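Colleague: Protein chains in written order, with my numbering: chain A, 503 to 617; chain B, 31 to 143.
Hint data in this document are derived by calculation from the structure and do not stem from the laboratory. All of these numbers come straight from a predicted model, not from anything done at the bench. Glycine residues also receive a C-beta, built at the ideal position from the N, C-alpha and C atoms. Warning: the hint list may mix true and false statements.
[Unchecked claim] Which chain B residues stay away from chain A? Per the calculated CB distances, all over 10 Å, these:
no., residue
1, P74
2, V84
3, P143
[As the list claims (entries may be wrong)] In silico DSS-like cross-links for lysine-lysine, where the CA-CA straight-line distance does not exceed 27 Å:
no., chain 1, residue 1, chain 2, residue 2
4, B, K45, B, K138
5, B, K72, A, K515
6, B, K98, B, K88
7, A, K532, B, K45
8, B, K138, B, K98
9, B, K88, B, K72
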Amino acid sequence: DAGVTQSPTHLIKTRGQQVTLRCSPISGHKSVSWYQQVLGQGPQFIFQYYEKEERGRGNFPDRFSARQFPNYSSELNVNALLLGDSALYLCASSGGPAVPYNEQFFGPGTRLTVL
Amino acid sequence: QQQVKQSPQSLIVQKGGISIINCAYENTAFDYFPWYQQFPGKGPALLIAIRPDVSEKKEGRFTISFNKSAKQFSLHIMDSQPGDSATYFCAATYSGGYQKVTFGTGTKLQVIP
């Protein structure tokens, strides 16, 4: 089975621009979560979506938004990019059958560089 | 507010030695404690996880020890190998509400031959 897929792999933007990151969860998983990982730190929770509804939001500004589609894929949008938004953006998939507790499976991430 | 504290920040171990990483949490509502392994340029991969009703869990060379009263847990890597060189994150989450995983700050492990 394919794992979590994310696109694009790398992205370079300039300050003030907008960016859209995409994620496809593992087949059968209904939940997608987004995390931001700044170099040298642990991932920080941004959003969780389950069955197309936002279930949780981390401590991130309103410039960050997301949505989940009927096929359970998801997009993360970041507006008015700042230099500090440069990070690895991770998508995690969960909510599949027989998946214990809150076991989440991470994709390879999208490396965003803001110049 | 950091809810999961992890130490050490970095660790160098000889091949064949034991690597030990420690974590402490604050929120007693956490009821699932996974460890993730991350190689450069990759996403975190689930390594092993434990629930608070179990004091120890072993999978191959990897063992989690859990002390619920002290709110501490640790990862032991036995017979450490150069291929184990990676960054390790402890984490915590809970069954109620949404599935936010709170990560520690990470430990960069280097296993030298």
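Colleague: Could you work out which of the previously given hints the structure breaks and list their numbers from low to high?
Modeller: 1 and 7
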